[in-house]
Amino acid sequence: LSKKKRRNHSHKRGLPPGSLVYVGKERQDDVKITVIDYNKEHIEERDISKVQQCYPYLRTSNVTWINISGIHDVNLVEKIGEEFGLHPLLLEDILNSDHRPKLSHLDQHLLVILKRLYVHPDDFQVRDEQISILLGENTVITFQENEADDFDSIRSQIKESIGDIRKLGADFLMYRIIDSIVDRYLLEIERLNDHIEQLEEEVVLHPTQQILHRIYIFKKQIIRFRKNTWPAREVIHKLEKNEYEFIQPSTRFYYSDIHEHIIQLNDMVETTRGIMTSLLDVYFSSVSHRMNEIMKVLTIVSTVFIPLTFIVGVYGMNFAFMPELEWHWGYPMVWGVMILLTSSMFIFFRKRKWI
Amino acid sequence: LSKKKRRNHSHKRGLPPGSLVYVGKERQDDVKITVIDYNKEHIEERDISKVQQCYPYLRTSNVTWINISGIHDVNLVEKIGEEFGLHPLLLEDILNSDHRPKLSHLDQHLLVILKRLYVHPDDFQVRDEQISILLGENTVITFQENEADDFDSIRSQIKESIGDIRKLGADFLMYRIIDSIVDRYLLEIERLNDHIEQLEEEVVLHPTQQILHRIYIFKKQIIRFRKNTWPAREVIHKLEKNEYEFIQPSTRFYYSDIHEHIIQLNDMVETTRGIMTSLLDVYFSSVSHRMNEIMKVLTIVSTVFIPLTFIVGVYGMNFAFMPELEWHWGYPMVWGVMILLTSSMFIFFRKRKWI
Amino acid sequence: LSKKKRRNHSHKRGLPPGSLVYVGKERQDDVKITVIDYNKEHIEERDISKVQQCYPYLRTSNVTWINISGIHDVNLVEKIGEEFGLHPLLLEDILNSDHRPKLSHLDQHLLVILKRLYVHPDDFQVRDEQISILLGENTVITFQENEADDFDSIRSQIKESIGDIRKLGADFLMYRIIDSIVDRYLLEIERLNDHIEQLEEEVVLHPTQQILHRIYIFKKQIIRFRKNTWPAREVIHKLEKNEYEFIQPSTRFYYSDIHEHIIQLNDMVETTRGIMTSLLDVYFSSVSHRMNEIMKVLTIVSTVFIPLTFIVGVYGMNFAFMPELEWHWGYPMVWGVMILLTSSMFIFFRKRKWI
Amino acid sequence: LSKKKRRNHSHKRGLPPGSLVYVGKERQDDVKITVIDYNKEHIEERDISKVQQCYPYLRTSNVTWINISGIHDVNLVEKIGEEFGLHPLLLEDILNSDHRPKLSHLDQHLLVILKRLYVHPDDFQVRDEQISILLGENTVITFQENEADDFDSIRSQIKESIGDIRKLGADFLMYRIIDSIVDRYLLEIERLNDHIEQLEEEVVLHPTQQILHRIYIFKKQIIRFRKNTWPAREVIHKLEKNEYEFIQPSTRFYYSDIHEHIIQLNDMVETTRGIMTSLLDVYFSSVSHRMNEIMKVLTIVSTVFIPLTFIVGVYGMNFAFMPELEWHWGYPMVWGVMILLTSSMFIFFRKRKWI
Amino acid sequence: LSKKKRRNHSHKRGLPPGSLVYVGKERQDDVKITVIDYNKEHIEERDISKVQQCYPYLRTSNVTWINISGIHDVNLVEKIGEEFGLHPLLLEDILNSDHRPKLSHLDQHLLVILKRLYVHPDDFQVRDEQISILLGENTVITFQENEADDFDSIRSQIKESIGDIRKLGADFLMYRIIDSIVDRYLLEIERLNDHIEQLEEEVVLHPTQQILHRIYIFKKQIIRFRKNTWPAREVIHKLEKNEYEFIQPSTRFYYSDIHEHIIQLNDMVETTRGIMTSLLDVYFSSVSHRMNEIMKVLTIVSTVFIPLTFIVGVYGMNFAFMPELEWHWGYPMVWGVMILLTSSMFIFFRKRKWI
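Residue numbers (the working numbering), protein chains in the order written: chain H, 16 to 370; chain Y, 16 to 370; chain W, 16 to 370; chain L, 16 to 370; chain G, 16 to 370.
Note that these hints are calculated values from the structure, not bench results.
One thing to keep in mind: the hints can contain errors.
Copies of one chain are not kept apart here, so a pair can be met inside one copy or by any two copies together.
Unchecked claim - Here are the simulated DSS-like cross-link-like pairs (lysine-lysine), alpha carbons at most 25 Å apart as the crow flies:
(1) Lys368 to Lys311
(2) Lys366 to Lys311
(3) Lys94 to Lys182
(4) Lys174 to Lys47
(5) Lys366 to Lys40
(6) Lys40 to Lys65
(7) Lys94 to Lys368
(8) Lys174 to Lys368
(9) Lys235 to Lys40
(10) Lys242 to Lys47
(11) Lys55 to Lys65
(12) Lys253 to Lys40
(13) Lys55 to Lys368
(14) Lys65 to Lys174
(15) Lys94 to Lys40
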């Protein structure tokens, strides 16, 4: 996946700025547009096929949430850009699914680009997906690469009028969307942490080459996680601190709550990195412990039998005059000497705590 | 424990903000509410069972300290929140025993969330427990997960009117509470440090795999300790520097004293981490030292006996014409050669400082 | 190459400041000067041989782009410096192909010095080439060491009037030039990253000394990459933030887009460095894993055969009285004992997971 | 020592703030109070036994230096605190010999707490001792744990009127005291550095387990040194920058001189830490070098003699039909083969640079 | 050398501040004073023996450069201090050849203390030498420990009136002096870097203990280099940014040029440190690679011959009833078995890529 993305980057080289090219995984499926239009009393939800169909909703004083799942339809995004007077460079950012999280303050809108992160349950690969949120006076437009179920709970709260969401404006809706993304971060980092505890056990018991490879992959995932969440902190801090006209003072309190969560998240990511480094030390130690064990066995066996072999070699010599060979108790005596030697070696090994 | 907590985090996903859910270890025991109401002349202490019973105390000009042990009773916390006009997001923070230390400045209150840390005497696991302190004009409300004996000394000072506590206001009471928490940090980090000195000895004498595991666990505990005390520094710095209306200028001097303590604490934590890293180097060196010892024994035994075995093998050959075999002094001469060889090897080993 | 450059550095020692000396690879090829002069309706492109030939263009209100490929002709650069009233120290910087990226704000011009980076496709050596861009009111002068094809796409956009470039001023032209340089950075760091994935595989499968050497070379290249792109961030940040009279407010938005790219670039460089470090751990582990494998084979063979050799040695002794030798089943019995011993050893090895 | 101190820390837990408890090594010896009262013409030095005896000196316009050696007499310190109107929390800090270096600006005084550091000449243990300096208008009061000879030279300069000390005020006297403490730091870090050069030699020549232990202890001492001198930098920076009424502008120049010294000191400490880390690498390399040496000897001996032993074993076989055994030149031929084999092995070893 | 210096430090302890003591290598040679007095038309150069002889030059409006080679003559420095009204603490700094680079802004002068660094061509030891530069209105006084040829080119430019130096003031002269010092830094770090490339080759080919020792020494030199050049950056930054009355605005542009050079220098030093660390990894890997090679030889020889020795041992047994011994083809059959065994082992080794 990541390779494909990168290749596409080079497709853009040499084009004039603002040339809209989709940078991301190639795909064929249809783009899906959903409109939710609501106020305290009224709510309407509709799936539409053409952008133009949502224009009437924009002109009302209701809160309108337009969600676009699939940003590979460049024309569609371009049309929305025209309608909202977005700069072509910003449309480029929305289409480039590799973009860094950012906040752009425009004359009539606020553009927030964030990453949704998923940790694959089997191989713990971190997959990122870009979400661009455009906040106007009564409008929120969300662009996502795939349709994700993360927004379902928000939708049902709107539909069933749970909590205050129907009473509050578009700024509160954006808060709920960002909150669901950051909550997902916390959930996923906790899953990564749970997996570390598994790794710990295996590292001590079976420090194979495969485990090391897993630690390495895991470390890379943590680095990718951090790369995507670190700039998000800055984005949310700006939402909390700066006074944008589209965000009401009463809502800013909610953004400061997200800000706390993302600080906690970054704490957890750093902690996890620290623990991974320690885990590597444990791995290397386990490996060298096993090495020691192997060496000990070799040393014990060699140290016991090489001298014995020498002794029996002595009496295998064919000298004409070897008085011991003729002694009647020669053979048992040699055994006696050998048993004595072996016993003293065992005492030596025990003293050194080798056996 | 920590696993259970995390699982609960996911229980909250998808709920509207401000939905009160207790995040922490599940428990059944009753919540205990204690009220202490005092001024210079008068003092009253009462255990109550319903929140409403404490309202009369709040209306007097006396200092009122309400301590709630057990935050798993969501309804109770909600009622207090209503009475004090707390934002639901703040109640959420109080109920989430995983929350990062923070300070919230509200219109009529100051909310401080800190962690109480315990180091288990046997396995040196760091256990954290959340304490939320709500400071109003004449009121301090403390929420703690369990009833801890840390507050007993404060209570007895109030009751027996030791020091100035009875003469001063709620801001001084909060200082005393935070001071008791930070004092506990210092005590616990000292216990961790004492244990490091034990570890040091064992690392040099018996660098087993178990010791490494203990170092690893220990490092993780230090990281957890740091994670909980680092943000506390910021909280206390705000209490010292900012001019909150509930904290009198004369009391701020006390807070700057706590601030110094927590800076010293963080120094100690960093120092401890540095020492742990060095200790690991000592461990690895001890292990490789033992490896060297094993290799030396193997090398000495092999180097001495393998050549001897060769020599005796020579005279074990069955050639028809081997003149030495017939010599009368052949056998003693071979012994002579072998003793010579062994002696020169011992001299060689001694020169290399192997024995 | 790099050695040659450095030597030349010492050629400058002791000269008064502003003495113009070319610091870089020696070369003989001719310097090539190209002029492009354009406005909305009109365009003219010309290769010229003398600097004086471009002066008429400078006096028009059209945008004039003078590109000089080859900075080793000191006289030429000096003449341009005179014409534009550049300080000799700045001419020195332009001629010193070793200079750090920088931005100089002069009375009538803005001088930007950047590096163009190429990663060699075979040995992944990072080659840097200095580009100096001088921005006047309607003029852009670029100095490059070699003629690079990076500017071809800009030229063809001007000639074929693609995008807005013909409608906008010299500040936009400079943006396009810098953008092409930064895009190249992103492309090259992606190629380096692709190569890391190759390295990863080889490190696990064939951790030879050569691989380590390649990791080392690679790390050095990343360090060089970082050294050249890190200060560029600062340069572009200044272009974005400061209000230079030669850059119109509407163009500054484009510079902030480059700024985002270069921040993303630096993120990628840091991530790459982190991964290289982890890769080294994998390498060391792979090496020690192979060592373990070798030791295991040695230990198994020695541990099995050394005791057996001892046993057969016993019955090779020539004692006159060795009853076993006379037994009819002596020889088969010895074989039986040896097979038993070997089998039990195999069980021991299997239990230890050595085979 | 350090253990004893820490234990005492817990004695304070639960006491109301400002409860004066001495935290430090227990001791019985008498507290010694010395008063020096001087101006340009006049000087008086006296040992006194009661605090009250020094009060008359405080009321004159002369500079009065009261030195208290031994802070374990809590009552004494309390009396001084009353006389000077010190806050009980500050008295607590003076009595707590574990306190971090700090500067407190009070209404009528300036309190500076610093550490005097001694490196034990034999085991290079860093011993710290707290010095509290209280600066009033014409008064300097110093509290030290033990009587140290560091102040003797200051005293003799006062008595013999060397330099400007008699002409200048209490602020200059405090400068001289702090200067003597910082000079001591420089001296002690130089002694530590000298010892590193000794360690270096031993690490290369005799990398024993004991050396590693010494490196470890040494590193811990450097960390302790740093812990005590780092916050001192901040204290002195405040003295240099802030405009305290008790320090005349002309004296502030002297404080900036100390500030430079302590910055240089911190440079030296960091350099020392960096060198210690490198030294550890040298240690580990020396150990593995010795390991290599041992392995080489083992390999050479085994590789030479194991094949020879096989050859002689062949002709020790008792087959009825072994034609070589009957050859007249069989025995010398075997010797020839063996010498040939050994020689070629030596050539092989030499080529590999093993011998 | 460095030891001697340090010892002298302790000579100063206990002296009142401003007591002038030379801290540095002891020396006997004469101090040499050179005066150059010049303006556009006129120049005079003179070696003088007494400070007083240079006073007349100071009173003219010409630029006067007094260079003092050798600062061990304390009286001389003291006299100059009196003439220029320098604070005794500053004279102390000039005499202390161990002092950290610094800038002091005085009423009538600017004092700059820098280090001149030399890398010894053979052992790559970094030798530092202190240069103090005192800038007055028309005066530059330089104090250096030894007479260095670095200033010769400046002198000849003045004498032969090359460049603008004769037309500009004392501030430009100081720029030229500092520039020559910083140029020297760049030259020396390049020499260190060239040597690293040599080390690289040797590390891979002959990773001996001596190489490690050289890496260690080298690292220490880089640390010393950094220690001396890092604070110089700050000094030059102040010269560039602050508006000192002795430096004309037109000259400040030259100082910003030096500032760029010293930033580039610090980049190079950091890069060099990073490469040294990687080099150490290569070293350790090369060592363990050789270890692997040794182990492989041992394992191959042992694994081939130990089983063979066992086989021939079997037929060396003296059992009365060993049917194989009597077989006519017994001896060749044993050889056959042994050849078969050896061949299969070689196949095994080849599969594992050991040979």
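For each hint, the structure was consulted:
1. In this assembly of identical chains, the alpha carbons of Lys368 and Lys311 lie at most 25 Å apart whether taken from the same copy (10 Å) or from different copies (16 Å).
2. Taking CA atoms no more than 25 Å apart as the test, Lys366 paired with Lys311 passes in both settings, with 14 Å inside one copy and 16 Å between copies.
3. For the identical chains of this complex, Lys94 and Lys182 are inter-copy neighbours only, at 23 Å across copies versus 31 Å inside a copy, given an alpha-carbon limit of 25 Å.
4. In this homomeric assembly, Lys174 and Lys47 come within 25 Å of each other (Cα to Cα) only inside a single copy, at 19 Å, whereas the closest approach across copies is 40 Å.
5. In this assembly of identical chains, the alpha carbons of Lys366 and Lys40 never lie at most 25 Å apart, being 65 Å within a copy and 41 Å across copies at closest.
6. Taking CA atoms no more than 25 Å apart as the test, Lys40 paired with Lys65 passes inside one copy only; the shortest distance there is 23 Å, against 50 Å between copies.
7. Taking CA atoms no more than 25 Å apart as the test, Lys94 paired with Lys368 passes in neither setting, with 78 Å inside one copy and 62 Å between copies.
8. Taking CA atoms no more than 25 Å apart as the test, Lys174 paired with Lys368 passes in neither setting, with 72 Å inside one copy and 60 Å between copies.
9. When the C-alpha separation of Lys235 and Lys40 is checked against a cutoff of 25 Å, the pair qualifies only within one copy, where the shortest distance is 21 Å, while the shortest distance between copies is 32 Å.
10. Taking CA atoms no more than 25 Å apart as the test, Lys242 paired with Lys47 passes in neither setting, with 29 Å inside one copy and 43 Å between copies.
11. Taking identical chains as interchangeable, the C-alpha atoms of Lys55 and Lys65 are never at most 25 Å apart, the minima being 27 Å within one chain and 36 Å between chains.
12. Proximity of Lys253 to Lys40 under the C-alpha cut-off of 25 Å is found in neither arrangement, the shortest distances being 30 Å within a copy and 35 Å between copies.
13. For a Cα distance limit of 25 Å, the shortest separation of Lys55 from Lys368 qualifies neither inside one copy, at 78 Å, nor across copies, at 68 Å.
14. When the C-alpha separation of Lys65 and Lys174 is checked against a cutoff of 25 Å, the pair qualifies only within one copy, where the shortest distance is 23 Å, while the shortest distance between copies is 37 Å.
15. Taking the shortest alpha-carbon separations for Lys94 and Lys40, only the intra-copy value of 22 Å comes in at or below 25 Å, while the best inter-copy value is 51 Å.
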